[in-house]
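Trainee: From first to last, the protein sequence lines stand for chains H and W.
Position one of the first sequence corresponds to residue 1 (our numbering), numbered consecutively onward.
Position one of the second sequence corresponds to residue 1 (our numbering), numbered consecutively onward.
The reader is advised that the hints may include incorrect statements.
Looking from chain W toward chain H, a few residues come up when the C-beta cut is under 8 Å (computed) [what the hints assert, rightly or not]: (1) Leu69; (2) Gln73; (3) Arg95; (4) Ser104; (5) Asn106; (6) Phe108; (7) Leu114; (8) Phe243; (9) Pro246.
These stretches of chain H come out as covered by chain W in the derived footprint (C-beta under 8 Å, 3 or more residues) [said to hold, decoys possible]: (10) 240 to 251; (11) 259 to 269.
Listed next, the in silico DSBU-like pairs over lysine-lysine satisfying Cα-Cα at most 30 Å (straight line) [what the hints assert, rightly or not]: (12) W:Lys89 - W:Lys126; (13) H:Lys258 - W:Lys71; (14) H:Lys246 - W:Lys241; (15) W:Lys71 - H:Lys110; (16) W:Lys89 - H:Lys110; (17) H:Lys258 - W:Lys126; (18) W:Lys71 - H:Lys105.
Calculated from the structure, these hints are not laboratory results.
No residue lacks a Cβ here, since even glycine has one placed at the ideal position from N, Cα and C.
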Amino acid sequence: MNKKLLEQLKKIRQDYFNSPGNAILSLLMLFLLVKVGIWFISWAFINAVWTGENNEAARPGGATWAFIIKKIRFFLFGFYPKEHIWRIIVTVALMGASFVPYFMKRIHHKVLVFIAHMIIWPLIIGFFLAGGIGLEQVSTNNWGGLSLTFILSALGLLYSFPIGILLALGRRSEQPVIRILSTVYIECFRGIPLITILFMSSVVVPFFLPSGVAIDKIIRVVIGMTFFQSAYLAEVIRGGLQAVPKGQYEAADSLGFKFGLQQYLVIMPQVLKITIANIGGISISFIKDTTLVLIIGMFDLLGIVKPLASDSNWLGMEPEGLIFAGLVYWGICFAISRLTYKIEVKANTLPAAGVKA
Amino acid sequence: MTAAEVKETAAPEATGNAPIIEIRDLNKWYDDFHVLTDVNLIVNRGERIVICGPSGSGKSTLIRCINRLEKHQKGDIVVMGLELTEDTKDVSLIRQEVGMVFQSFNLFPHLTILQNLTLAPIWIRKMSQREAEKIAWKYLKRVNIAEHALKFPSQLSGGQQQRAAIARSLCMQPKIMLFDEPTSALDPEMVNEVLDVMVTLAEEGMTMLCVTHEMGFARRVADQVIFMDEGKIVESQSPDKFFSEPENERTRQFLKQIHAIS
Ligand SMILES: Nc1ncnc2c1ncn2[C@@H]1O[C@H](COP(=O)(O)OP(=O)(O)OP(=O)(O)O)[C@@H](O)[C@H]1O
Ligand SMILES: [Mg+2]
Chain H
1 MNKKLLEQLK KIRQDYFNSP GNAILSLLML FLLVKVGIWF ISWAFINAVW TGENNEAARP
61 GGATWAFIIK KIRFFLFGFY PKEHIWRIIV TVALMGASFV PYFMKRIHHK VLVFIAHMII
121 WPLIIGFFLA GGIGLEQVST NNWGGLSLTF ILSALGLLYS FPIGILLALG RRSEQPVIRI
181 LSTVYIECFR GIPLITILFM SSVVVPFFLP SGVAIDKIIR VVIGMTFFQS AYLAEVIRGG
241 LQAVPKGQYE AADSLGFKFG LQQYLVIMPQ VLKITIANIG GISISFIKDT TLVLIIGMFD
301 LLGIVKPLAS DSNWLGMEPE GLIFAGLVYW GICFAISRLT YKIEVKANTL PAAGVKA
Chain W
1 MTAAEVKETA APEATGNAPI IEIRDLNKWY DDFHVLTDVN LIVNRGERIV ICGPSGSGKS
61 TLIRCINRLE KHQKGDIVVM GLELTEDTKD VSLIRQEVGM VFQSFNLFPH LTILQNLTLA
121 PIWIRKMSQR EAEKIAWKYL KRVNIAEHAL KFPSQLSGGQ QQRAAIARSL CMQPKIMLFD
181 EPTSALDPEM VNEVLDVMVT LAEEGMTMLC VTHEMGFARR VADQVIFMDE GKIVESQSPD
241 KFFSEPENER TRQFLKQIHA IS
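Please work from the sequences and hints to get the whole structure.
Mentor: Structure below.
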């Protein structure tokens with residue numbers, strides 16, 4: 001028999017079956033696990049229904065995936081008019097395509113690409129998704145589903161990143177005014193739950209705007225999320241800044257670098273490398289946080305489950321909808337987690353690519 | 001290279017008329033702690049000065065005042081005709097002309113050795129990448145690490161890293177080089193490869209201020225050896241006199257300790 005397997009079996013016996021009480025407990029847990037597993041598999045696969053026009057197709061003890069399949073358009077695009085859905089696809093495709101320059105060796109100044117994104121993304125979203133100029137306007141009330149989740153996450157991260165960097169630098173500044181303002185900002189927005197910030201931005205902010213001026217709620221949500229997320233990112237980046245040795249600053253100083261170039265060329269690349277795992281983790285929680293927009297009446301991937309399951313043809317389909325939404329979130333977050341891990345490994349092993357002298 | 005040979009080349013030579021560094025009545029405090037007291041030092045073009053003294057005597061602080069990594073509170077420091085004051089524009093200009101080598105190398109870990117060398121010439125001297133790389137290769141060869149140019153700092157030994165750091169400073173084509181204990185973080189077998197680079201540099205007429213306890217190096221290249229204690233320059237002599245007949249009692253004790261070690 002395989003020696004490694006034997007060793008593991010031995011370890012299992014030591015850890016889980018080292019006394020009669022533990023053995024009983026372990027067996028009980030195993031039994032429950034198997035039981036739940038079997039139940040889930042039969043629900044999700046064996047007894048599942050994949051086709052059908054309404055909930056009459058449902059079978060007891062089985063999931064009605066037909067609901068998801070029939071409603072997939074809404075899960076992806078919300079209540080965006082069917083004939084205009086191509087506009088969402090174009091928007092997302094363009095946003096995706098705009099990442100290409102990051103991988104081009106010829107482009108040295110990725111930061112300029114980033115700044116371009118900050119300007120171009122809202123323009124793309126405004127032109128194609130919102131419409132109004134050349135294209136028919138679609139109210140943001142109709143936006144929803146996974147594409148809304150994507151757009152909110154992307155815009156939130158896009159703007160909170162540079163602001164987070166500035167705040168982190170501000171908090172370490174020698175100028176007392178800048179330092180205090182940054183600190184107050186960071187501590188305030190970290191101390192308030194996101195849900196409160198979203199409420200404020202949707203209910204309180206319009207109250208203070210002069211009458212006749214209306215800011216669309218999607219913009220208010222993005223601004224609210226940016227406030228919140230930039231405060232968190234600032235702390236992550238500050239941690240990275242603290243990890244860069246003083247000697248790096250001194251070396252750059254002594255070569256004649258001033259603050260801006262020093263940060264751009266010497267310090268920030270090291271900070272990003274140090275914090276990449278944390279930034280990945282925090283991005284994942286930001287993406288999950290976008291689900292909170294449902295409290296202000298936006299139907300993102302999670303929020304849309306309820307209205308869809310209120311369709312009289314598909315009453316009682318919440319479990320399927322929620323499990324589907326959960327799986328999609330899990331898939332996205334898992335992918336980001338793997339991606340940051342890959343980047344991290346690459347960043348850490350780069351210097352070891354050659355032979356040590 | 002024998003010591004005698006080097007000493008000949010290191011003999012004081014006719015230097016430019018205006019001193020390249022003038023320090024007058026320099027005083028510096030860290031809060032209440034008086035680190036430097038009434039320091040006066042004139043350095044002429046091409047002069048090699050070795051600064052030694054016990055730990056905490058203010059050696060690092062003194063040379064770090066010269067490129068304004070540290071600010072002073074009283075007295076004047078004039079480097080290449082520019083007085084160091086709160087005016088930041090001048091500081092950056094001075095720093096471009098004054099290279100500094102640190103005990104802990106401080107190479108940029110995210111860049112290759114070649115990139116370390118070309119970063120400042122490209123961004124600060126506004127050289128083209130080609131031009132900067134040409135100069136970089138010249139100095140990489142000079143300090144004998146050309147074959148490591150495309151590696152990252154962490155892949156190099158301490159001695160190699162320190163030579164790369166010297167080359168990085170030289171790529172800015174400075175008029176003055178400051179060294180703060182460049183060999184004290186090195187394993188003994190690597191000390192000489194770094195000292196050799198420094199000796200060559202001295203022979204080429206670079207103005208150098210070195211904080212070091214390598215007395216062999218001081219004997220070989222120094223025009224002036226300065227002994228500091230408790231923030232003051234206690235003794236300033238030619239190396240001959242410094243080692244054979246030091247005037248100050250503390251210098252004598254210090255030299256005894258050094259000899260006892262080496
Ligand atoms: N940033 C600082 N804040 C407060 N005190 C400092 C600071 N830097 C140095 N000192 C103190 O100033 C004194 C002189 O320091 P300095 O580093 O110049 O000494 P040194 O002669 O270079 O010593 P060493 O041989 O150990 O490098 C020391 O007593 C040190 O503790
Ligand atoms: Mg020192």
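Trainee: Look at each hint and say if it fits the structure.
Mentor: Against the structure, the hints:
1. Interface hint at Leu69 (chain W): satisfied, since its Cβ lies 6 Å from the closest Cβ of chain H, which is below the 8 Å cut-off.
2. Interface hint at Gln73 (chain W): violated, since its Cβ lies 17 Å from the closest Cβ of chain H, which is beyond the 8 Å cut-off.
3. With 8 Å as the threshold, the beta carbon of Arg95 (chain W) comes within range of chain H, its nearest partner Cβ sitting at about 4 Å, so the hint holds.
4. Interface restraint check: Ser104 (chain W) against chain H, minimum CB-CB distance 5 Å, threshold 8 Å, status holds.
5. Checking Asn106 (chain W) against chain H: minimum C-beta separation of about 4 Å stays under 8 Å; hint holds.
6. With 8 Å as the threshold, the beta carbon of Phe108 (chain W) comes within range of chain H, its nearest partner Cβ sitting at about 6 Å, so the hint holds.
7. Residue-level restraint check for Leu114 (chain W) is violated (minimum Cβ-Cβ distance to chain H is 13 Å; threshold 8 Å).
8. Violation of the interface hint for Phe243 (chain W) is found here, the shortest Cβ-Cβ separation to chain H being roughly 31 Å, above the 8 Å cut-off.
9. Because the closest C-beta pair between Pro246 (chain W) and chain H is about 32 Å apart, greater than 8 Å, the hint is violated.
10. For the region 240 to 251 of chain H, the stated coverage by chain W holds: 5 residues have a C-beta nearer than 8 Å to a C-beta of that chain, and at least 3 were required.
11. Beta-carbon proximity to chain W at under 8 Å applies to 4 residues in the region 259 to 269 of chain H; the threshold of 3 is reached and the given coverage holds.
12. Our distance criterion of 30 Å between C-alpha atoms is met by Lys89 (chain W) and Lys126 (chain W), whose separation comes to about 17 Å.
13. About 16 Å separates the Cα atoms of Lys258 (chain H) and Lys71 (chain W), which keeps this hinted pair within 30 Å; it holds.
14. The hinted pair formed by Lys246 (chain H) and Lys241 (chain W) fails the criterion: a straight-line CA distance of about 38 Å is larger than 30 Å.
15. As the CA atoms of Lys71 (chain W) and Lys110 (chain H) are separated by approximately 35 Å, the hinted pair breaks the 30 Å bound.
16. With a CA separation close to 28 Å, the supplied pair Lys89 (chain W) and Lys110 (chain H) stays within the 30 Å bound.
17. A distance of roughly 14 Å separates the Cα atoms of Lys258 (chain H) and Lys126 (chain W); the hinted pair therefore holds under the 30 Å criterion.
18. For a cut-off of 30 Å, the pair hint linking Lys71 (chain W) to Lys105 (chain H) is broken: about 41 Å separates their Cα positions.
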